[in-house]
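Please put together the full structure from these sequences, using the hints given.
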Amino acid sequence: MNQPASAYFLEERHDPNETHTLSVLVQNEPGVLARVIGLFSGRGYNIESLTVSETESQKHLSRITIVTTGTPMVIQQIKHQLDRMIPVYRVVDMTLTGSSIERELAMVKVRGGGDHRVEALRLADAFRARVIDATTESFVFEITGNSSKISQFIDLMRPLGLVEVSRTGVAAITRGPEGM
Amino acid sequence: MTDKSHDPNQMTGAAMIVRALIDHGVQHVFGYPGGAVLPIYDEIFQQSEVEHILVRHEQGAGHAAEGYARSTGKPGVVLVTSGPGATNMVTPLTDALMDSIPLVCITGQVPTHLIGNDAFQECDTVGITRPATKHNWLVRDVNDLARVLHEAFYVATTGRPGPVLVDVPKDVQFATGTYHPPRKSDVHISYTPRVKGDATQIRKAVAMLANAKRPVIYSGGGVINSGPEASKLLRQLVEATGFPITSTLMGLGAYPASGPNWLGMLGMHGTYEANMTMHDCDVMLCVGARFDDRITGRVDAFSPGSKKIHIDIDPSSINKNIRVDVPIIGDAGNVLGDLLQVFKAEAKKPDIKAWWQQIAQWRARNSLSYRKNNDIILPQYAIQRLFELTRGKDTYITTEVGQHQMWAAQFFGFEEPHRWMTSGGLGTMGYGLPAAVGVQVAHPDSLVIDIAGDASVQMTIQEMSTAVQFELPIKIFILNNQYMGMVRQWQQLLHGNRLSHSYSEALPDFVKLADAYGCVGLQATKPSDLDGAIKEMISIKRPVLFDCRVAALENCFPMIPSGKAHNEMLLPEEATDEATAKAFSGGKALV
Ligand SMILES: Cc1cc2nc3c(=O)[nH]c(=O)nc-3n(C[C@H](O)[C@H](O)[C@H](O)COP(=O)(O)OP(=O)(O)OC[C@H]3O[C@@H](n4cnc5c(N)ncnc54)[C@H](O)[C@@H]3O)c2cc1C
Ligand SMILES: Cc1ncc(C[n+]2csc(CCOP(=O)(O)OP(=O)(O)O)c2C)c(N)n1
Ligand SMILES: [Mg+2]
Numbered sequence: 001m002n003q004p005a006s007a008y009f010l011e012e013r014h015d016p017n018e019t020h021t022l023s024v025l026v027q028n029e030p031g032v033l034a035r036v037i038g039l040f041s042g043r044g045y046n047i048e049s050l051t052v053s054e055t056e057s058q059k060h061l062s063r064i065t066i067v068t069t070g071t072p073m074v075i076q077q078i079k080h081q082l083d084r085m086i087p088v089y090r091v092v093d094m095t096l097t098g099s100s101i102e103r104e105l106a107m108v109k110v111r112g113g114g115d116h117r118v119e120a121l122r123l124a125d126a127f128r129a130r131v132i133d134a135t136t137e138s139f140v141f142e143i144t145g146n147s148s149k150i151s152q153f154i155d156l157m158r159p160l161g162l163v164e165v166s167r168t169g170v171a172a173i174t175r176g177p178e179g180m
Numbered sequence: 181m182t183d184k185s186h187d188p189n190q191m192t193g194a195a196m197i198v199r200a201l202i203d204h205g206v207q208h209v210f211g212y213p214g215g216a217v218l219p220i221y222d223e224i225f226q227q228s229e230v231e232h233i234l235v236r237h238e239q240g241a242g243h244a245a246e247g248y249a250r251s252t253g254k255p256g257v258v259l260v261t262s263g264p265g266a267t268n269m270v271t272p273l274t275d276a277l278m279d280s281i282p283l284v285c286i287t288g289q290v291p292t293h294l295i296g297n298d299a300f301q302e303c304d305t306v307g308i309t310r311p312a313t314k315h316n317w318l319v320r321d322v323n324d325l326a327r328v329l330h331e332a333f334y335v336a337t338t339g340r341p342g343p344v345l346v347d348v349p350k351d352v353q354f355a356t357g358t359y360h361p362p363r364k365s366d367v368h369i370s371y372t373p374r375v376k377g378d379a380t381q382i383r384k385a386v387a388m389l390a391n392a393k394r395p396v397i398y399s400g401g402g403v404i405n406s407g408p409e410a411s412k413l414l415r416q417l418v419e420a421t422g423f424p425i426t427s428t429l430m431g432l433g434a435y436p437a438s439g440p441n442w443l444g445m446l447g448m449h450g451t452y453e454a455n456m457t458m459h460d461c462d463v464m465l466c467v468g469a470r471f472d473d474r475i476t477g478r479v480d481a482f483s484p485g486s487k488k489i490h491i492d493i494d495p496s497s498i499n500k501n502i503r504v505d506v507p508i509i510g511d512a513g514n515v516l517g518d519l520l521q522v523f524k525a526e527a528k529k530p531d532i533k534a535w536w537q538q539i540a541q542w543r544a545r546n547s548l549s550y551r552k553n554n555d556i557i558l559p560q561y562a563i564q565r566l567f568e569l570t571r572g573k574d575t576y577i578t579t580e581v582g583q584h585q586m587w588a589a590q591f592f593g594f595e596e597p598h599r600w601m602t603s604g605g606l607g608t609m610g611y612g613l614p615a616a617v618g619v620q621v622a623h624p625d626s627l628v629i630d631i632a633g634d635a636s637v638q639m640t641i642q643e644m645s646t647a648v649q650f651e652l653p654i655k656i657f658i659l660n661n662q663y664m665g666m667v668r669q670w671q672q673l674l675h676g677n678r679l680s681h682s683y684s685e686a687l688p689d690f691v692k693l694a695d696a697y698g699c700v701g702l703q704a705t706k707p708s709d710l711d712g713a714i715k716e717m718i719s720i721k722r723p724v725l726f727d728c729r730v731a732a733l734e735n736c737f738p739m740i741p742s743g744k745a746h747n748e749m750l751l752p753e754e755a756t757d758e759a760t761a762k763a764f765s766g767g768k769a770l771v
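Protein sequence lines correspond, in order, to chains W and R.
Here our numbering is used: the first residue of the first sequence is 1, the next is one more, and so on.
Here our numbering is used: the first residue of the second sequence is 181, the next is one more, and so on.
Source of the hints: derived by calculation from the structure; they are not laboratory data.
Honestly, I wouldn't trust all of these hints.
[Stated by the list, open to error] As a list, the in silico BS3-like pairs of lysine-lysine whose alpha-carbon atoms are at most 27 Å apart:
1. Lys79/W / Lys487/R
2. Lys744/R / Lys79/W
3. Lys376/R / Lys364/R
4. Lys376/R / Lys79/W
5. Lys364/R / Lys59/W
6. Lys500/R / Lys487/R
7. Lys384/R / Lys79/W
8. Lys706/R / Lys487/R
Just so it is clear, the structure is predicted and the values come from calculations on it, not from any experiment.
Given below as structure tokens:
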């Protein structure tokens with residue numbers, strides 16, 4: 001094995017990466033989001049998407065949805081590391097449940113006239129995006145769906161005068177009657 | 181409105197803090213005053229149940245509290261001011277987090293209405309210490325203070341122990357509110373560490389152990405964390421199974437070094453027999469250890485043929501570096517108790533005579549041997565003499581970080597748990613001297629020795645003054661090789677012998693320094709002086725700085741070069757320049 005002079009074993013393992021969506025139920029208290037984000041940056045984990053909002057205000061519970069990528073061993077570590085934080089109640093790997101629904105919302109601003117304007121409207125209709133603001137030279141579309149559908153829509157808008165996009169990140173929930 | 185003036189639970193935040201310490205049985209606090217904690221210091225002044233030990237630098241308070249905690253099993257408590265007081269605590273908090281040491285640190289903070297204004301001595305203490313603690317809190321309302329303090333003690337001492345920090349703004353210390361004694365509801369319901377191991381997993385483990393041909397027990401700091409009962413059970417398990425046992429740096433003393441099944445420490449500077457046994461075993465029982473990189477070496481070649489059982493209280497320790505076959509989540513003592521019971525009821529001692537014969541051959545390599553010298557004191561010899569001359573005494577050892585630390589681990593035999601305090605995970609130079617202060621506070625009549633290096637000891641030498649003030653007769657035994665020996669060793673092995681800034685230039689005269697501090701200075705320069713000087717040190721009932729002049733260029737072996745497997749160790753007699761160059765091939769030009 002060849003490695004430069006080092007106190008550490010430097011060879012990286014090359015297990016294939018997987019993408020997982022995690023739902024994390026936390027006590028809504030100051031600093032809790034900073035803890036979660038600090039964990040990811042401090043330990044070098046990836047965040048593809050992160051959303052958070054209070055979901056049960058009487059109980060001060062918030063739900064964080066994180067989309068992350070890593071080898072199976074790293075994903076397992078992430079779950080354990082989240083779970084051992086004091087204000088974390090539960091961590092559910094939505095990807096492993098096999099029955100999760102994921103949605104994201106985006107607002108997409110497009111500017112242009114003539115054929116481009118007509119084409120943008122036509123595509124929006126095909127993607128079931130709604131017009132939520134319009135001027136004579138622009139539209140703002142609202143689109144909901146899984147992340148890849150939204151990305152696809154945005155790509156199509158690019159040549160038609162895409163100005164800017166605001167995306168919420170992914171929210172997820174399981175199918176069926178059971179809660180997390 | 182009811183009249184609250186006679187309610188004994190109505191008190192200021194500052195009074196609550198002292199009251200909570202008393203309610204948690206705290207007898208000693210290590211601290212340093214400043215503007216943001218003056219109300220608390222005022223309360224401390226007016227009572228006598230909690231004794232305050234004034235250090236000379238907040239880092240010293242943190243390490244002293246660590247030594248106190250590790251040697252007693254009780255949490256160490258620290259009180260420091262805002263801003264620089266808090267930032268000086270970052271190193272000991274991180275050290276305690278890495279080594280799973282329970283600390284409760286209380287910091288003062290600027291008044292709540294000034295937070296965020298860059299007020300005098302303000303810093304974002306909870307932000308800075310978030311990744312350095314198991315959990316931390318900023319208390320903005322005096323009526324939350326009692327609950328948070330009680331939770332802080334609970335979190336620090338349960339599950340995988342660790343440091344916690346409570347940041348208390350000065351206005352909250354002055355404000356009056358309602359105190360309550362500790363109660364269950366003080367704790368987040370989301371925090372539920374698991375103590376009892378899963379019975380099915382334990383049965384599986386027993387079946388594996390009973391059928392092992394080449395087993396090994398690999399124990400670690402978690403057994404010490406669990407308390408003395410866990411060490412007792414570990415010894416019983418070794419007895420019941422007849423298995424060989426090794427331990428990490430952090431677990432020394434759980435099984436006695438004089439025990440017949442002891443292989444010595446494992447890992448980078450562990451014994452040949454311990455590492456070979458780990459490499460070739462067929463069943464490995466890991467108890468309270470975390471497969472650290474100093475242990476595994478190259479992970480893909482780590483004990484390739486074995487089934488692994490891992491007992492650990494923290495699920496995140498499992499499968500972090502090494503995949504295991506039977507994880508058991510729970511407290512080491514609790515799980516060992518159950519495991520032992522099932523083993524005794526359902527299994528027989530497996531016949532592993534052939535395995536012991538193999539181990540005997542590895543032992544015969546005598547991997548800790550070194551050339552004797554009649555003119556210069558060899559560091560290994562110095563530790564051996566220190567060990568022999570303190571044998572049978574009520575001794576606690578702390579260390580700094582470097583070669584001397586490894587030699588202490590290799591040559592000082594620990595018979596009991598909680599007797600060995602060292603910075604393993606963070607490797608903090610400057611840990612040992614203040615840690616010795618903390619140990620001595622907890623054990624005033626015991627012999628407390630910091631095995632130190634000439635470079636490390638200078639990082640927290642100011643705590644000698646604390647030792648003198650509080651009449652703590654700590655012994656600082658400096659293996660003075662006039663080098664940052666561990667750094668020099670790596671430079672020799674890996675960086676073409678270019679000794680960049682690793683020489684301890686302009687060392688102080690430690691004997692005179694001792695004198696200046698008002699303690700005793702001793703020196704030994706020849707092997708023939710050594711025993712007499714050590715005996716003198718032991719007999720002096722005051723703090724001592726012992727300048728033990730040792731061979732300057734001695735290196736620490738055996739050693740597993742990074743990126744190598746356990747069976748590719750470099751042994752002392754083989755560590756010729758040529759062999760070393762080969763072992764470290766792939767590195768830069770070598771000696
Ligand atoms: C210069 C230097 C060289 C070093 N060389 C070596 C070396 O050669 N060999 C060596 O061994 N170390 C060496 N170390 C130390 C090394 O860096 C690690 O600190 C050490 O190996 C970790 O020990 P451990 O695995 O026992 O884990 P610890 O850090 O002690 O962790 C304890 C584990 O037990 C678990 N635990 C805690 N409480 C409980 C409980 N109640 N019940 C069950 N489980 C519990 C924790 O979750 C954790 O997984 C060296 C350090 C330095 C500074
Ligand atoms: C605070 C800190 N800074 C730097 C290091 C890196 N380091 C590890 S060992 C060492 C040298 C220690 O020298 P000394 O105390 O004389 O011990 P020796 O190795 O000579 O026994 C250094 C600089 C460290 N571990 N801690
Ligand atoms: Mg030195």
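So, going through the hints one by one against the coordinates:
Straight-line distance between C-alpha atoms of Lys79/W and Lys487/R comes to about 24 Å, which keeps the hinted pair within the 27 Å bound. Taking the CA atoms of Lys744/R and Lys79/W, the gap is near 31 Å; set against the 27 Å cutoff, the hint is violated. This hinted pair checks out: Lys376/R and Lys364/R have alpha carbons roughly 20 Å apart, not beyond 27 Å. With a CA separation close to 21 Å, the supplied pair Lys376/R and Lys79/W stays within the 27 Å bound.
About 18 Å separates the Cα atoms of Lys364/R and Lys59/W, which keeps this hinted pair within 27 Å; it holds. For the hint pairing Lys500/R with Lys487/R, the CA-to-CA distance comes to about 16 Å; that is within 27 Å, so the pair holds. Of the supplied pair hints, the one linking Lys384/R and Lys79/W holds, its CA atoms being roughly 25 Å apart against a limit of 27 Å. Distance check on the hinted pair: Lys706/R and Lys487/R sit about 50 Å apart at the alpha-carbon level, beyond 27 Å; violated.
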